[in-house]
Every structure is written in C-alpha cells, then in structure tokens.
Amino acid sequence: GAVVSQHPSWVICKSGTSVKIECRSLDFQATTMFWYRQFPKQSLMLMATSNEGSKATYEQGVEKDKFLINHASLTLSTLTVTSAHPEDSSFYICSARDEVRAGGGHGELFFGEGSRLTVL
Amino acid sequence: RKEVEQDPGPFNVPEGATVAFNCTYSNSASQSFFWYRQDCRKEPKLLMSVYSSGNEDGRFTAQLNRASQYISLLIRDSKLSDSATYLCVVRGRNSGYALNFGKGTSLLVTP
Chain C
1 GAVVSQHPSW
11 VICKSGTSVK
21 IECRSLDFQA
31 TTMFWYRQFP
41 KQSLMLMATS
51 NEGSKATYEQ
61 GVEKDKFLIN
71 HASLTLSTLT
81 VTSAHPEDSS
91 FYICSARDEV
101 RAGGGHGELF
111 FGEGSRLTVL
Chain P
1 RKEVEQDPGP
11 FNVPEGATVA
21 FNCTYSNSAS
31 QSFFWYRQDC
41 RKEPKLLMSV
51 YSSGNEDGRF
61 TAQLNRASQY
71 ISLLIRDSKL
81 SDSATYLCVV
91 RGRNSGYALN
101 FGKGTSLLVT
111 P
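Protein chains in written order, with this note's numbering: chain C, 1 to 120; chain P, 1 to 111.
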C-alpha cells in the first residue's frame, strides 16, 4: 500500500533553535499534504494544508511565520518549527492522499509515522 | 463545542468481551466518517470507513446515524491486540481532504 515517511522520528533541541521535519510520499504523488499536531492525551489538530507549488493554508491560531511549510515537489513537504520553545514540544504528523488510487472519491489518507519533538 | 466528541474511557474489558464506542459530531454538513486506531506514540491507522447503511469488517461493526449525528463502533470477541486508542474521525464538505479527529477512546483488553 501507499507509504508516507517522516523524518526524523525523534528530535530533541534547545530552545531557540529551528527544527525541520520532512514528509515524503514514497510511492505516490501528492499535491496536497496535511500537517497535524498532537499533544499528550489530546486529539490530532490540523495545523496547515501544504499545497505543492503554492503557499500553505494555515488553520486559525497557527502562526505561519513560526511553522514554515514548504511543498516544493509532489513527494516532499517540510515543516520547520522556527525558534522552538518548550511549548512547541509535541507529536507532529503529516498525511497525504494518493489521488491516483482514490480517483474521484475521498479515498484514504495515509499518515507518516510522526515526529516527536522535545524542546529543552 | 468540539467538532467531534468521544468518551475518552478508558474501557477495560476482558478478552472475548464485546465493547462499544460512541461518537458525536457537530457539523451536520460532514460527509465522510471513519474510525482510526492509534497505538501509543504511533501514527493513526485507518480501521474502517463508516456508512449510513452500517458496515462490518470481521469483528468490527460501524454505524452512522446522520439524523442524530452519531457514530458507533462495536468490537466483538475482543483480543489483547485490540488494546489501543480508537479515534472517531469526520471530514466536512468544505474541508478538502483534511480530517477532524476526536480525542479518542482508550481500550485495554485484559487476559
């Protein structure tokens, strides 16, 4: 089946540094990818929709200058947490839709394995 | 009010038991419904889609009641490997393919 890969799985960084998380669709192309964040015992919250070749669409309350999204190719989207602080520590998960297999229907969204960020 | 609400549990049941989870959603324009399973510190994985006619996949049965905006998941003959968090997920008409997740219901199946 379709696979979405995220890297790194775990990252620990000092407060004030920037961290980049990559999301790749390994065997399909995705014009749209989604970035979610999940705090402990909370639901996954959509942060932004990443659009290949254009600007990302951010959800209300998500700072676009803090969470930089780049979707430069049909198989790669990156999320950069700039000037990370301890409150940014969370589980970040991307997802993508295999548009070819899904056809005109909604189809299944495939999730990356997630990236756990800890900011000291 | 949250868009998707679930009882967080935890549900502790013995092996072989039948357990049911419920979920309500607030947006009447929602179009697609799913149950996802999430193991601890892992990404969510699709368990099954939910249709108005109800659907069954082995030991799992999902039901959707659009009038009540209510979704259910029934697990029969619980296995130890069913222990996980079950996420009720809804997609709206205008949300593209982004998903709205409930907080999840935690299930622990014990020997």
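Just so you know, not all the hints are guaranteed correct.
[As the list claims (entries may be wrong)] Computed, partial: chain C to chain P, Cβ under 8 angstroms:
1) Thr-31
2) Phe-34
3) Thr-49
4) Ser-73
5) Arg-97
Since the hints were made in silico from the structure, they are not lab data.
Only a predicted model underlies this, so the values are computations on that prediction, with no experimental measurement involved.
For every residue, glycine included, the Cβ atom is placed at its ideal position computed from N, Cα and C.
Report task. List in ascending order the numbers of the hints, as given earlier, that are violated by the structure. Result -> Per hint list: 1, 4 violated.
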